[in-house]
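Participant: Please arrange chain B on chain A, whose structure you already have, making use of the hints.
Here the protein sequences line up with chains A and B, keeping their order.
Residues in the first sequence are numbered from 1 upward in steps of one, following the numbering used here.
Residues in the second sequence are numbered from 1 upward in steps of one, following the numbering used here.
Don't take every hint at face value.
In silico contact screen, one side only, chain A against chain B (beta carbon under 10 Å); selected entries [stated by the list, open to error]:
#	residue
1	109
2	170
3	255
Below, computed lysine to aspartate or glutamate pairings styled on EDC-like, alpha-carbon distance capped at 16 Å [said to hold, decoys possible]:
#	chain 1	residue 1	chain 2	residue 2
4	A	169	B	125
5	A	104	B	28
6	B	62	B	39
7	B	49	B	108
8	B	49	A	240
9	A	169	B	28
10	B	31	A	168
11	B	80	A	196
12	B	164	B	217
Just so you know, the hints here were simulated from the structure itself, not pulled from any lab data.
Cβ atoms here follow ideal geometry from the backbone N, Cα and C, with glycine treated the same way.
Chain by chain, the residues:
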Amino acid sequence: MLRKLLVAVPLAAAMAGPASAGPSDDPAAVLQALIDSTSSYYLTQSEQNLMMMPDNPALWSLEEGEALFKTPRGPKNVSLEGCDFGKGPGVLEGAYVELPRYFKDTGKVMDLGNRLIHCMKTLQGFPADDPAVKEIHGSKSDHMKLQTYIAAQSNGMPWNPPMDHPLEKAMRDAGEVVFYRRSGPFDFNCAACHGEPGKRVRASVLPYAQDPKEWTKAISWPAFRVGQDNTRSSQHRLRECIWQMRYPPIVAGSDLSIALLSYWTELARGQPAIIPDMKR
Amino acid sequence: MFDTKIRVAAACAALALAGTYATAADVDYTKMTPQELAEYLIFEAKGYKFDAQVQTEGATAKDRLVQDELQKVCTETRNKPSPEQAAKISAAARESIKYPEGDIKLGDWKKGRELAWSGFGYRLDPNFDDHKKSAPGANCYNCHEFAGDRQGGTIGPSLRNYGKLRGTEQPVLKLAYGIIYNAHSMFPCTRMPRQGAKGLLTEAQILDVMAYLFDPESPVNKE
Numbered sequence: 001m002l003r004k005l006l007v008a009v010p011l012a013a014a015m016a017g018p019a020s021a022g023p024s025d026d027p028a029a030v031l032q033a034l035i036d037s038t039s040s041y042y043l044t045q046s047e048q049n050l051m052m053m054p055d056n057p058a059l060w061s062l063e064e065g066e067a068l069f070k071t072p073r074g075p076k077n078v079s080l081e082g083c084d085f086g087k088g089p090g091v092l093e094g095a096y097v098e099l100p101r102y103f104k105d106t107g108k109v110m111d112l113g114n115r116l117i118h119c120m121k122t123l124q125g126f127p128a129d130d131p132a133v134k135e136i137h138g139s140k141s142d143h144m145k146l147q148t149y150i151a152a153q154s155n156g157m158p159w160n161p162p163m164d165h166p167l168e169k170a171m172r173d174a175g176e177v178v179f180y181r182r183s184g185p186f187d188f189n190c191a192a193c194h195g196e197p198g199k200r201v202r203a204s205v206l207p208y209a210q211d212p213k214e215w216t217k218a219i220s221w222p223a224f225r226v227g228q229d230n231t232r233s234s235q236h237r238l239r240e241c242i243w244q245m246r247y248p249p250i251v252a253g254s255d256l257s258i259a260l261l262s263y264w265t266e267l268a269r270g271q272p273a274i275i276p277d278m279k280r
Numbered sequence: 001m002f003d004t005k006i007r008v009a010a011a012c013a014a015l016a017l018a019g020t021y022a023t024a025a026d027v028d029y030t031k032m033t034p035q036e037l038a039e040y041l042i043f044e045a046k047g048y049k050f051d052a053q054v055q056t057e058g059a060t061a062k063d064r065l066v067q068d069e070l071q072k073v074c075t076e077t078r079n080k081p082s083p084e085q086a087a088k089i090s091a092a093a094r095e096s097i098k099y100p101e102g103d104i105k106l107g108d109w110k111k112g113r114e115l116a117w118s119g120f121g122y123r124l125d126p127n128f129d130d131h132k133k134s135a136p137g138a139n140c141y142n143c144h145e146f147a148g149d150r151q152g153g154t155i156g157p158s159l160r161n162y163g164k165l166r167g168t169e170q171p172v173l174k175l176a177y178g179i180i181y182n183a184h185s186m187f188p189c190t191r192m193p194r195q196g197a198k199g200l201l202t203e204a205q206i207l208d209v210m211a212y213l214f215d216p217e218s219p220v221n222k223e
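Just chain A, with the same shape it has in the complex (with noise of 0.2 Å):
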């Protein structure tokens, strides 16, 4: 059943590996060929969910998402098919992989979440209170449904943040710094835990975020987190490790978490997105 799902995606029929060019309609077989090419007890470490692939829980996110993203709705009743994710109105093949980018219309780099937010507001004319443009977590937000719709046309592309405007590269090198910044009771930064080959926290195998091929696949959301039974987001991932480092809460689509998430696409540059991929 839910294979079938994965046909149906409009998709070109580009085969998956780091090479293609347009997006692959299987994130499984992303995975295997990353897995193939080099050796990582972190890309392996949950044979289960590899097993799982093809009947990720995701896949029904993504196919909400797309009903919802073609449904006129809001005040102004329209479509999501008007907005511009960085590549042209509509256009969302490989869009996803371009993100976060800078964006004219608001002089901002935004993040897929931010840019969802701008376009249900302007676009389709919903107030910033409305729970579509609120709820940002959890397999029931609309955010979560059209998040992995939006950023599956982007599954086998390489992740490429334009880095052409002066914002992208600030907001990058920002992001660095902040991934190295130690602070809080512990003293944690997130090298401690992403900074060498091969750790675990407890039984979790943990992607050194210098090794693109393995980083791919940590920043390779949406995903389903089959721990907490959810499709979960790149900033709901961010807010987990930074509970975990005993900061105070991040505030999802705030610039400090847009530099983050620059700094950590730019660590997968080159590398094949597997989206939706499927977590611990």
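Facilitator: Below, chain B alone, put in the same frame as chain A:
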């Protein structure tokens, strides 16, 4: 007159925005160094929720992001301080250590084992660790292996057979106490939290954890 009204309105709009959402309206990020921009995003652009509830009375969530000297030097050098910096760090760390009065007496290894296992404590919103309901743990297992009974992390060295390999003479115990209290005394810019110096564990708790490491009856030394 008309002009003033517009300006006031604009100022109000900016204020309203600042309260809810980070805005880059009046600063040029591209004119800042990456370090300046990072500090700006953390402290001025409301990247973290500084009004979040914390466990420590009198402290604020914002305090947690303000770096002390050690955090600054270890950040700037990416944990590779120069020999001079390293000497200063370890001297300051040794200075920070308050040893128990008299000889070091090991506590209860069973309590130590539970402390070493517990990852509870100091986490904030969205899942606040209420220290009134349960005392914070020591988080050791996240990074260390102790014995075969529970899987530990590999970020720090394995501590299997710790006491069996080292014995329990006072100088050995004193060294271990110092490392748990403030590991920078021995390993400048280590990733290990400063359990004693930052008030994360009490003296009695450190002695319990040490019993887990050194007590001949502890599973750590029973393999």
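Participant: If a hint holds in the structure, say so; if it does not, say that too.
Facilitator: A quick look at each hint next to the structure:
1. 109: 9 Å, holds
2. 170: 5 Å, holds
3. 255: Cβ of residue 255/A sits 5 Å from chain B, so the hint holds.
4. 169/A / 125/B: Violated. Residue 169/A to residue 125/B sits at ~31 Å, over the 16 Å cutoff.
5. 104/A / 28/B: 15 Å, holds
6. 62/B / 39/B: 12 Å, holds
7. 49/B / 108/B: 39 Å, violated
8. 49/B / 240/A: Holds, at about 14 Å.
9. 169/A / 28/B: 13 Å, holds
10. 31/B / 168/A: 13 Å, holds
11. 80/B / 196/A: 15 Å, holds
12. 164/B / 217/B: 10 Å, holds
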